[in-house]
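Work out the full structure, taking the sequences as your base and the hints as a guide.
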Amino acid sequence: MLKQLYIKNFTLIDELNIAFNSGFSVITGETGAGKSIILGAINLLLGQRADTKVIKADKDKCVIEAHFNLSKYGMDQFFAYNDIDYDSEDCIIRREINKNGKSRAFVNDMPVQLTLMRELGEMLVDIHSQHQNLLLQKENFQLNVVDIIAHDEQERKNYQESFKAYRKAHADLKQLEENIAQGKENEEFMRFQFNEIEKANMKADEQENIEQETEQLSHSEEIKEALFEGDGLLTGEERGAVEQVKRAANRLHAIEQVYPNAKELAERLDNCHIELKDIAQEISRDTDHIEFDPARLDQLNERLDTIYSLQQKFHVSTIAELLQIKEELGKQLGNIDNSEELLEETRQRVNQLEQLCHEKAEMLTRKREKAALLVEKEMANRLVPLGIPNVRFQIQLTVKELSEDGRDKIAFLFSANRSTPLQPVSQVASGGEIARVMLSLKAMISGAVQLPTIIFDEIDTGVSGRVAEMMAQIMQEMGQHNRQVISITHLPQIAALGTTHYKVSKEETNEGTVSHMRLLTDDERIQEIAQMLSGSNISAEAISNAKALLKKSMRHRLEISTISHYETR
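The letter at position 84 of the sequence shown is residue 111 when you use this note's numbering, and the numbering goes up by one with no holes.
It is worth saying that the hints were derived from the structure and are not from the lab.
Built from N, CA and C at the ideal position, the CB exists for glycine as well.
It is possible that part of the hints are untrue.
To be verified - Using 30 angstroms as the maximum straight-line C-alpha spacing, the simulated DSS-like pairs for lysine-lysine come out as follows:
id, residue 1, residue 2
1, 394, 184
2, 184, 353
3, 191, 397
4, 129, 165
5, 30, 578
6, 195, 165
7, 129, 35
8, 358, 83
9, 340, 226
10, 99, 358
11, 201, 353
12, 579, 30
13, 201, 427
14, 290, 273
15, 201, 184
16, 436, 397
17, 340, 230
18, 578, 184
19, 99, 30
20, 211, 201
21, 533, 195
22, 201, 191
23, 394, 427
24, 191, 358
As the list claims (entries may be wrong) - Ranges between beta-carbon positions, derived for each pair:
id, residue 1, residue 2, range
25, 382, 99, 43 to 51 angstroms
26, 412, 166, 24 to 32 angstroms
27, 430, 99, 33 to 41 angstroms
28, 396, 136, 41 to 49 angstroms
29, 168, 136, 32 to 40 angstroms
30, 446, 574, 15 to 23 angstroms
31, 202, 181, 28 to 36 angstroms
32, 126, 404, 51 to 59 angstroms
33, 508, 371, 39 to 47 angstroms
34, 181, 374, 29 to 37 angstroms
35, 99, 130, 27 to 35 angstroms
36, 136, 348, 38 to 46 angstroms
37, 184, 126, 41 to 49 angstroms
38, 86, 166, 49 to 57 angstroms
Structure below.
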């Protein structure tokens, strides 16, 4: 429930801080006074896109903040899932719009994405404006109404899971058919490519080894010469390093008795002698093994030519990539060879999943059919007292192709007269009739879902007198059972039934036009309703009529309160 609304520097509003009550509240005021501005501010809190034009002239930013009491709506899981601090009795939503175009959203002082604010807003407030009557033209809105009354959440979930699997399998089948058709067109070329790579009989590490051996054979003379020279420097009889180190070690061993430090140095030279001798032997062996083999070099170069040619042809740089291409070609050729079996297997799976979808859709349809009968009966009961005594309201369910929401095509059919055939409600109902239909639908839906706050923006368009009073009574009843209903209205019959009455007004100041909103006292309320009845010149008769309307409203509130008390018991 909306507890408090704070607005600063928003269009014509300097600063507004106003509290709201539970039950049924009304907002009145002259055309252009700023009622739509209040609604626009609330819409921004519900995640609507912002425009810097809403910032009051000569101000840097505007701020809109609302406090909600959520203690009776069980929304703690939403806050836990989104890792937002949760205070059930004071949930704070704030929106800041800066002149530089930046917009920031906060929930309980934590910055959030606008999408999350929008998601939360849909759970907190439902704003019904005149343009929302156009929803009656949309099939998905009509289907949603039936689903809400049907309480078919589990059936829809089961169906949508099956439909998702069916749609994926169907897409897989289509892709497989395309791949096989394309593959068959290219089958001859693909087999040539596969055989060309397979014939090369390559190993993953072969290229590196061949390139290394080729490099060595190409420089065999240079290598052999270097090894031979190194061997000579190490093992020459007179000046060889091995022999020289050995002699140095022996000389130091000879004096170790008289010069102890020589012992350690001699031992280190001994180790060097062993290592140099080992190196010399390995160089000698390598020298013997290095030979220039032109036949082997030609063989290796020929092999490399084959590998490089394939890599260039397939636009890759490694044997591993060529082998990967061969594997993929093999799979595609395998699919072509086994295409009929694979297609049949995939088609069977699609058919099985489609059959399962129809079974789940049938269960969903049965719940919707039962709910449709309830809606038809309820709508007739609500519309007759609203001045349509001969109303006929029927929900037509026809079968359509499987889709995300099932296989049911919904149409709301309406007739206000016995002689007029049933037709889609959006095509035959007048503006006033559509307003009454939408109010009745909202009232019915509000009884099936836990929505804290419902705001009606001039839903009374096209009605007056007794019908307006009956519409007000419906909104008043909707305001029971932990719901808050706010109606922006021009009709005194509706304004009189509000438990709380606010007035929006504007005044001209040195700084321009400024809008205000305030809670009316009992006496001010009489004056406001009298003015709505008679215009700017308030007569004694208008005052009397206003008092009568308010007195009648009080009796109706007591009746509702008594009924509600017994229902809760």
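Next on the checklist: Is 41 to 49 angstroms respected by the C-beta to C-beta distance linking residue 184 and residue 126?
Outcome noted: 46 angstroms, holds
Checklist entry - When you check the alpha-carbon spacing of residue 201 and residue 184, does it fall within 30 angstroms? => result Satisfied, since the Cα-Cα distance of roughly 26 angstroms is no more than 30 angstroms.
Checklist entry - Between residue 358 and residue 83, is the straight-line Cα distance small enough, at 30 angstroms or below? => result The given pair, whose Cα atoms are some 67 angstroms apart, is violated under the 30 angstroms limit.
Checklist entry - Within 30 angstroms, alpha carbon to alpha carbon, are residue 340 and residue 226? => result OK: residue 340 and residue 226 at ~15 angstroms, within 30 angstroms.
Next on the checklist: Given the hint of 49 to 57 angstroms, is the C-beta distance from residue 86 to residue 166 inside that range or not?
Outcome noted: 44 angstroms Cβ-Cβ, so the 49 to 57 angstroms window is violated.
Item to check | Distance restraint between residue 579 and residue 30, which requires alpha-carbon spacing of 30 angstroms or less | outcome: 27 angstroms, holds
Next on the checklist: Run the distance test for residue 201 versus residue 191: straight-line Cα separation, threshold 30 angstroms.
Outcome noted: Cα-Cα ~15 angstroms, so holds.
Checklist entry - Within a Cα-Cα threshold of 30 angstroms, do residue 99 and residue 358 meet the stated pairing? => result 60 angstroms, violated
Item to check | Pair hint residue 290 and residue 273, alpha-carbon separation not exceeding 30 angstroms | outcome: 14 angstroms, holds
Checklist entry - Is the gap between the beta carbons of residue 396 and residue 136 within 41 to 49 angstroms? => result 48 angstroms, holds
Item to check | residue 201 paired with residue 353 [C-alpha distance capped at 30 angstroms] | outcome: 25 angstroms, holds
Checklist entry - Using the C-beta atoms of residue 136 and residue 348, is the stated range 38 to 46 angstroms upheld? => result 55 angstroms, violated
Hints 2, 4, 8, 10, 18, 21, 30, 33, 36, 38, counting from the list given before, are not met by this structure.
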